[in-house]
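**Student:** Model the full structure from these sequences, guided by the hints.
The listed protein sequences correspond, in order, to chains S and P. Residue numbers for the first sequence follow full-length UniProt numbering, beginning at 1 and rising by one. Residue numbers for the second sequence follow full-length UniProt numbering, beginning at 1 and rising by one.
Derived from the structure by calculation, the hints contain no laboratory data. Possibly wrong hints are sitting among the right ones.
If chains are identical, the list can't say which one is meant, so a pair holds when it fits in one copy or spans any two.
The list that follows gives simulated cross-link-like pairs (lysine to aspartate or glutamate, DMTMM-like), each with its CA atoms no further than 25 angstroms apart [stated by the list, open to error]:
hint	residue 1	residue 2
1	K86	D73
2	K254	E111
3	K250	D27
4	K250	E102
5	K246	D70
6	K91	E267
7	K250	E101
8	K246	D49
9	K89	D345
10	K86	D165
11	K189	E346
12	K337	D44
13	K189	D73
14	K254	E69
15	K466	D144
16	K221	E142
So you can see what is in the structure, the chains are spelled out below.
Number of protein chains: 2
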Amino acid sequence: MPSPAVDPAAPSVEAPVDPEPATPVIDDKYVEAGRKLTAMAEEDTRAYDRLAYISDVYGHRLSGSQALEDTIDWALETMREDGLAKVRKEKVMVPHWVRGEEQAAFLAPVERPLPVLTLGMSVGTPRRGITAEVVVVNHVDEIDTLGEQVKGKIVLINMAMPPYDHDHHDSFYGPTVQGRTQGASRAAKYGAKAVLVRSVTAHSLRTLHTGTLVYDEDLPKIPAAAITPEDADLFARMVARGETPKIRLKLGAKLLPDAESGNAIGELTGRELPDEYVVLACHIDSWDVGDGSTDDGSGCLMAMEAALMLKELELIPRRTVRVVLYTNEENGLRGGKAYFEAHADELHVAGLESDSGAGAPWGFGIGGDQAQYDALLPYAPLFEGLGAHNFTLGGGGADISPLTQAGMLGLGLRPDTSHYFDLHHSPADTIDKIAPYHLERNAAAMALMAYILAERELDGPAQPLKVPEPEPEPEPEPEAKAENE
Amino acid sequence: MPSPAVDPAAPSVEAPVDPEPATPVIDDKYVEAGRKLTAMAEEDTRAYDRLAYISDVYGHRLSGSQALEDTIDWALETMREDGLAKVRKEKVMVPHWVRGEEQAAFLAPVERPLPVLTLGMSVGTPRRGITAEVVVVNHVDEIDTLGEQVKGKIVLINMAMPPYDHDHHDSFYGPTVQGRTQGASRAAKYGAKAVLVRSVTAHSLRTLHTGTLVYDEDLPKIPAAAITPEDADLFARMVARGETPKIRLKLGAKLLPDAESGNAIGELTGRELPDEYVVLACHIDSWDVGDGSTDDGSGCLMAMEAALMLKELELIPRRTVRVVLYTNEENGLRGGKAYFEAHADELHVAGLESDSGAGAPWGFGIGGDQAQYDALLPYAPLFEGLGAHNFTLGGGGADISPLTQAGMLGLGLRPDTSHYFDLHHSPADTIDKIAPYHLERNAAAMALMAYILAERELDGPAQPLKVPEPEPEPEPEPEAKAENE
Ligand SMILES: [Zn+2]
Ligand SMILES: [Zn+2]
Numbered sequence: 001m002p003s004p005a006v007d008p009a010a011p012s013v014e015a016p017v018d019p020e021p022a023t024p025v026i027d028d029k030y031v032e033a034g035r036k037l038t039a040m041a042e043e044d045t046r047a048y049d050r051l052a053y054i055s056d057v058y059g060h061r062l063s064g065s066q067a068l069e070d071t072i073d074w075a076l077e078t079m080r081e082d083g084l085a086k087v088r089k090e091k092v093m094v095p096h097w098v099r100g101e102e103q104a105a106f107l108a109p110v111e112r113p114l115p116v117l118t119l120g121m122s123v124g125t126p127r128r129g130i131t132a133e134v135v136v137v138n139h140v141d142e143i144d145t146l147g148e149q150v151k152g153k154i155v156l157i158n159m160a161m162p163p164y165d166h167d168h169h170d171s172f173y174g175p176t177v178q179g180r181t182q183g184a185s186r187a188a189k190y191g192a193k194a195v196l197v198r199s200v201t202a203h204s205l206r207t208l209h210t211g212t213l214v215y216d217e218d219l220p221k222i223p224a225a226a227i228t229p230e231d232a233d234l235f236a237r238m239v240a241r242g243e244t245p246k247i248r249l250k251l252g253a254k255l256l257p258d259a260e261s262g263n264a265i266g267e268l269t270g271r272e273l274p275d276e277y278v279v280l281a282c283h284i285d286s287w288d289v290g291d292g293s294t295d296d297g298s299g300c301l302m303a304m305e306a307a308l309m310l311k312e313l314e315l316i317p318r319r320t321v322r323v324v325l326y327t328n329e330e331n332g333l334r335g336g337k338a339y340f341e342a343h344a345d346e347l348h349v350a351g352l353e354s355d356s357g358a359g360a361p362w363g364f365g366i367g368g369d370q371a372q373y374d375a376l377l378p379y380a381p382l383f384e385g386l387g388a389h390n391f392t393l394g395g396g397g398a399d400i401s402p403l404t405q406a407g408m409l410g411l412g413l414r415p416d417t418s419h420y421f422d423l424h425h426s427p428a429d430t431i432d433k434i435a436p437y438h439l440e441r442n443a444a445a446m447a448l449m450a451y452i453l454a455e456r457e458l459d460g461p462a463q464p465l466k467v468p469e470p471e472p473e474p475e476p477e478p479e480a481k482a483e484n485e
Numbered sequence: 001m002p003s004p005a006v007d008p009a010a011p012s013v014e015a016p017v018d019p020e021p022a023t024p025v026i027d028d029k030y031v032e033a034g035r036k037l038t039a040m041a042e043e044d045t046r047a048y049d050r051l052a053y054i055s056d057v058y059g060h061r062l063s064g065s066q067a068l069e070d071t072i073d074w075a076l077e078t079m080r081e082d083g084l085a086k087v088r089k090e091k092v093m094v095p096h097w098v099r100g101e102e103q104a105a106f107l108a109p110v111e112r113p114l115p116v117l118t119l120g121m122s123v124g125t126p127r128r129g130i131t132a133e134v135v136v137v138n139h140v141d142e143i144d145t146l147g148e149q150v151k152g153k154i155v156l157i158n159m160a161m162p163p164y165d166h167d168h169h170d171s172f173y174g175p176t177v178q179g180r181t182q183g184a185s186r187a188a189k190y191g192a193k194a195v196l197v198r199s200v201t202a203h204s205l206r207t208l209h210t211g212t213l214v215y216d217e218d219l220p221k222i223p224a225a226a227i228t229p230e231d232a233d234l235f236a237r238m239v240a241r242g243e244t245p246k247i248r249l250k251l252g253a254k255l256l257p258d259a260e261s262g263n264a265i266g267e268l269t270g271r272e273l274p275d276e277y278v279v280l281a282c283h284i285d286s287w288d289v290g291d292g293s294t295d296d297g298s299g300c301l302m303a304m305e306a307a308l309m310l311k312e313l314e315l316i317p318r319r320t321v322r323v324v325l326y327t328n329e330e331n332g333l334r335g336g337k338a339y340f341e342a343h344a345d346e347l348h349v350a351g352l353e354s355d356s357g358a359g360a361p362w363g364f365g366i367g368g369d370q371a372q373y374d375a376l377l378p379y380a381p382l383f384e385g386l387g388a389h390n391f392t393l394g395g396g397g398a399d400i401s402p403l404t405q406a407g408m409l410g411l412g413l414r415p416d417t418s419h420y421f422d423l424h425h426s427p428a429d430t431i432d433k434i435a436p437y438h439l440e441r442n443a444a445a446m447a448l449m450a451y452i453l454a455e456r457e458l459d460g461p462a463q464p465l466k467v468p469e470p471e472p473e474p475e476p477e478p479e480a481k482a483e484n485e
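**Tutor:** Now the structure itself:
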C-alpha cells in the first residue's frame with residue numbers, strides 16, 4: 001500500500017506502520033442465529049433425554065453387535081420423525097470382533113487375581129492360556145532395546161499418561177496410546193508371547209480402558225490386554241525389588257466374519273446450494289464396556305440435535321447440512337472410508353466432528369490453514385453465550401479424516417476435556433457423567449457453526465475434493481514373499 | 001481466685017473485665033521435639049516403603065484370612081527389630097466371613113450384566129440365585145413407608161453420598177451408610193428377598209464399595225450387595241420411565257466358624273510413669289478388595305513409625321506409648337472389644353487413632369470436653385511445620401471407642417480426606433494412592449502428639465477407666481420368646 005501523504009508543514013507525527021485490520025462486520029443474520037440458538041439451548045434437555053434412552057435401552061454399541069444396528073435404526077427413525085430429508089442407511093461392512101471370557105492372575109511373586117480388559121481386535125490366547133514371566137518397559141520403543149530378551153515373555157508397556165493439562169489439551173493421548181496400538185506387533189517381532197498395556201488414563205479407581213490395537217500383517221499376531229494403572233505400578237514395584245513377576249493370561253477374543261452395518265444419514269436441504277455440503281459428524285459405534293454415552297453417543301445426539309434446532313428455528317442455510325452418524329470408528333474406521341468412497345465426488349465445503357465428549361462447551365479446533373482460521377475467527381463472539389467462543393488452530397475428527405485429507409476444511413467441537421480420558425473406552429463411560437445443559441449447549445454451538453459454514457460467502461466457487469489416484473496393484477513377487485514367510 | 005488489689009488513690013482506670021487468658025508457655029522440650037520430628041519426617045520414606053511391602057506381598061487382610069495373620073506376624077517381627085518393648089500378639093477370635101462367587105444380571109427391561117460386590121457379613125443366596133423385581137427407595141427409612149409392598153422384591157437403597165465438603169469433613173458418611181448397615185434387616189422385616197445398596201461414595205468410575213452390614217438377630221437374614229452409583233442411577237431412570245426392573249442375583253457368601261487372630265502390640269516404656277498409657281491405635285485388618293493401604297494399613301504404619309521416630313530421637317516420654325494394631329475393626333470390632341476387656345484396669349490417659357487415610361497432614365480431632373480441648377490447643381503451633389496444626393473438637397476412633405466410652409481422652413488423626421471415600425472399601429484402595437511424604441509427616445504428627453500426651457503434666461493423678469457393670473443375664477422368658485418366633 002502507498003504511504004499516506006504527509007504535509008511537511010504539519011507537526012511531526014509518527015505514521016502508523018502496521019494498522020490493526022478493521023474488524024470484519026458480521027452480518028446480522030449470524031448474530032440473530034446465535035441469539036436464537038443460545039436461547040433455545042437454555043430451554044431443552046432433548047438431546048440428553050434421547051441419549052439416556054439409547055444408552056439405557058440398547059447399551060454399548062460395538063461393531064457387529066445387535067445393539068449398534070438397533071441404535072442406528074432408532075437414529076434413522078428419529079431423524080425421519082424430526083423431518084430431516086433423505087434419511088437413509090448407507091451400508092458398510094464392519095469387523096466383528098468379540099471379547100469372550102478374559103481372566104488373568106499373578107502366579108509369582110504373589111498369587112492374586114489380575115483384572116484385564118482385552119484390547120480391541122486382539123487375538124485370543126490358546127484355550128489353556130499363556131503362562132509366562134512379565135518384562136516391564138516404560139515406553140514401547142524400549143522393546144527394541146531389549147530385543148530378544150522379551151522372547152517367550154509377556155511384555156508390559158507401563159507408560160503413564162500425564163495428568164490433564166489444559167494447555168496440552170489432549171496431546172498427551174497420542175504419544176501414550178502408541179503402546180496400545182503398536183505394542184503387540186512391536187513385541188511379537190522379538191518373539192514375545194503376549195502384551196499387557198497400562199490403561200491409557202491419568203486418573204484411575206482401578207479402572208480398565210480398552211481400545212484398538214493394529215497388527216502388522218507381516219508379524220505373528222499375539223494377544224494383548226489392558227491392566228489398571230494400579231496393577232501396572234505393582235508390576236513395576238515387583239521388578240524394582242528384584243522379583244520376576246509371572247502371570248497366567250486367558251483371553252477368549254476372536255474375530256468373526258465381517259458384519260453388515262451402516263452410516264446413518266439425514267439432511268437439512270440447502271435453500272440455494274443444495275449440492276454443496278457441510279457434514280455434521282460423529283460415530284455411533286462404541287466400545288463394549290460402559291454404554292458409550294461420552295464416546296461418542298454424545299457427539300451423535302449433538303449432531304442430530306443441531307440439525308433439528310436449525311430446522312425448528314427455520315435457520316435453513318444456503319448449503320445442505322448433512323448429519324452423518326458414522327459406524328465403526330473405533331476398530332476400523334470403515335464408516336469414514338465408505339462415506340469417502342461413496343461421496344468423494346460431491347462438493348464438501350466443510351465438516352464438523354464431535355468426538356471429544358460432552359463436557360462444558362469451550363470452543364472449536366479449526367483445521368485447514370491460517371487463512372481459513374482467520375476467516376472464521378470473527379464469528380467467535382457469537383458463541384460467547386454458549387461458552388464455545390475459543391477457536392484454536394488445528395482440528396477435525398477421525399471419521400472425517402478421509403475428507404480433510406482430500407482438502408475439505410475440518411473442524412472439531414472442543415468441549416472441556418479435563419475428565420474425558422478418565423472415562424474413555426472404560427466401563428465408567430456412562431450417561432450419568434453428562435450434564436443435560438452441557439449437551440444441549442454443545443449441540444447449539446454445533447448448529448451455529450454449521451449455519452455459518454453452510455451460509456457464508458466463500459472466495460470463489462466450492463472446490464471439489466482432491467481424490468488420490470488409486471495406487472497401482474503391486475506386481476506379484478512370489479520369491480520375495482516366500483522369503484518373508 | 002481473689003480479685004487483684006486496687007489502690008483507691010490511683011487514677012481511675014477501667015478494670016479489664018474479661019482479660020484474654022495469657023498464652024500458656026510451652027516448655028522448650030515440646031518445641032524441640034516438634035523441631036526434631038519435623039526434620040526427621042523430611043528425610044525418610046520408611047513408613048511408605050514398609051506399607052508398599054505388606055500391600056504388595058500379603059495383599060488385603062480380611063479377618064479370617066492368612067494374609068491378615070501373615071501381616072500381623074510381620075508387624076510383630078518388625079516392632080521387635082525396631083526395639084519396641086513387650087512386643088506381643090494378644091489373641092482375639094474373629095468372624096470368618098468369605099465372599100465366594102458373586103454374579104448378577106438385569107433380566108428386564110434390558111438384559112445386561114450387573115456388577116455387584118457383596119456386603120460384608122451378608123448371607124449368600126440360594127445356589128440357583130434370587131430372581132425378583134427391584135423396588136427403588138432413596139433412603140432406608142422409605143422402606144417403612146412401602147411396608148408390605150417390598151414383599152418378595154429386591155430393595156435398592158439409592159441414597160447418594162454428597163460430594164466432599166471440607167466444612168462437613170466426613171459427616172456425610174454417617175447418614176449415607178445407614179442403608180448399608182441397616183438395609184437388609186429393615187427390608188427383611190417386610191418380606192424382601194434381598195437388598196442392593198448404592199455404593200457409599202460421591203465419586204465413581206463404575207466403582208464398587210463394600211462394607212459391613214449388621215443383621216437384626218430377630219429377623220430373617222437376607223443377602224445384600226453393593227452396586228455402582230452408575231447402575232443405581234440406571235435403576236432410577238428405568239423406574240422413572242415406568243419400567244419394572246428385574247434382576248437375578250447369585251451370591252456365594254458365607255460365615256465360617258470364628259478364626260484366631262490377634263491385636264499386635266509394642267511399647268515404648270515410659271521413663272517415669274511406665275504404668276500409665278497413651279495408645280497409638282489403628283486397625284490392621286481390611287476389606288478383601290484393593291490392598292487396604294489407605295484403610296487402614298496407612299494408620300498402622302504411621303503408629304509403628306511414630307513410636308520408632310520417638311525412640312530414634314530419644315524422645316522417651318514419662319508415660320508408656322503403646323502401639324496397638326487392632327484386628328477386626330471392619331466386621332466385628334472384636335479387637336477393640338478384646339483389648340478393652342484385657343486392659344480396662346490399666347491407667348489409660350489418652351488414645352490417638354489413625355483411621356482416616358494418609359492424605360496430606362491437616363490436624364487432629366480431639367475428643368473429650370472443651371477443657372481437654374483447650375488444654376491441648378496451645379500445642380497446635382508446634383505442628384505447623386508438619387501441616388497438622390488444625391485442632392477440632394470431637395474425635396477418636398472405632399478401635400479405641402470402648403476406651404473413650406469409659407472416659408479415656410480420645411483423639412483422631414485428621415489428614416485431608418477429600419479423596420478418602422473415593423477409595424474406601426473399594427478395589428481402588430491401593431498403595432499408589434498414597435504419597436510417601438504425606439505418610440511420613442502424618443507419622444511425625446502422631447509421634448509429636450503422643451509425646452505431648454505422654455509427657456505433659458495433668459491436673460492430678462491419672463484416672464482409671466469407668467468400666468460399666470456387666471449387665472445381669474436376663475431371666476429366661478420361655479413364653480415370651482415363643483411368641484416372638
Ligand atoms: Zn470416539
Ligand atoms: Zn478403617
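**Student:** Go through the copies and call it for K250 and D27: within, between, both or neither, with a Cα cutoff of 25 angstroms.
**Tutor:** Neither: 62 angstroms inside a chain and 65 angstroms across chains, both beyond 25 angstroms.
**Student:** Between K250 and E102, at a C-alpha cutoff of 25 angstroms, which is it: within one copy, between copies, both, or neither?
**Tutor:** So K250 and E102 pass the 25 angstroms test inside a copy (6 angstroms) and across (20 angstroms) alike.
**Student:** With 25 angstroms as the alpha-carbon cut-off, assign the pair K86 and D73 to within, between, both or neither.
**Tutor:** Cα proximity of K86 and D73: one copy only (15 angstroms, versus 74 angstroms across).
**Student:** Have a look at K89 and D345 and pick one of within, between, both or neither, based on CA distance no larger than 25 angstroms.
**Tutor:** within (19 angstroms within a copy, 81 angstroms between copies)
**Student:** Since the copies are identical, ignore which copy is meant and state whether K254 and E69 lie within 25 angstroms (CA to CA) inside a copy, between copies, both or neither.
**Tutor:** So K254 and E69 pass the 25 angstroms test inside one copy only (20 angstroms; across, 43 angstroms).
**Student:** If the cutoff is 25 angstroms on CA atoms, where do K189 and D73 land: within, between, both or neither? Let me know, please.
**Tutor:** The answer is neither: 43 angstroms in one copy and 46 angstroms across copies each exceed 25 angstroms.
**Student:** From the Cα coordinates, with 25 angstroms as the cut-off, is the pair K246 and D70 best called within, between, both, or neither?
**Tutor:** Close across copies (22 angstroms), not inside one copy (43 angstroms); limit 25 angstroms.
**Student:** Between K246 and D49, at a C-alpha cutoff of 25 angstroms, which is it: within one copy, between copies, both, or neither?
**Tutor:** This pair counts as between: shortest inter-copy Cα distance 22 angstroms, intra-copy 47 angstroms.
**Student:** As a check of your reading, is K91 near E267 (CA-CA no more than 25 angstroms) within one copy, between copies, both or neither?
**Tutor:** Within. Shortest intra-copy distance 17 angstroms satisfies the 25 angstroms Cα cut-off; inter-copy 76 angstroms does not.
**Student:** What label fits K250 with E101 when the C-alpha limit is 25 angstroms: within, between, both, or neither?
**Tutor:** For K250 and E101, the Cα distance is within 25 angstroms both inside one copy (8 angstroms) and across copies (19 angstroms).
**Student:** Reference check for the pair K86 and D165, CA-CA at most 25 angstroms: within, between, both, or neither?
**Tutor:** neither (42 angstroms within a copy, 52 angstroms between copies)
**Student:** Pop the pair K337 and D44 into one bin, within, between, both or neither, using alpha-carbon distances up to 25 angstroms.
**Tutor:** neither (35 angstroms within a copy, 57 angstroms between copies)
Hint compliance for this structure: hints 3, 10, 11, 12, 13, 15 are not met, and every other hint is.
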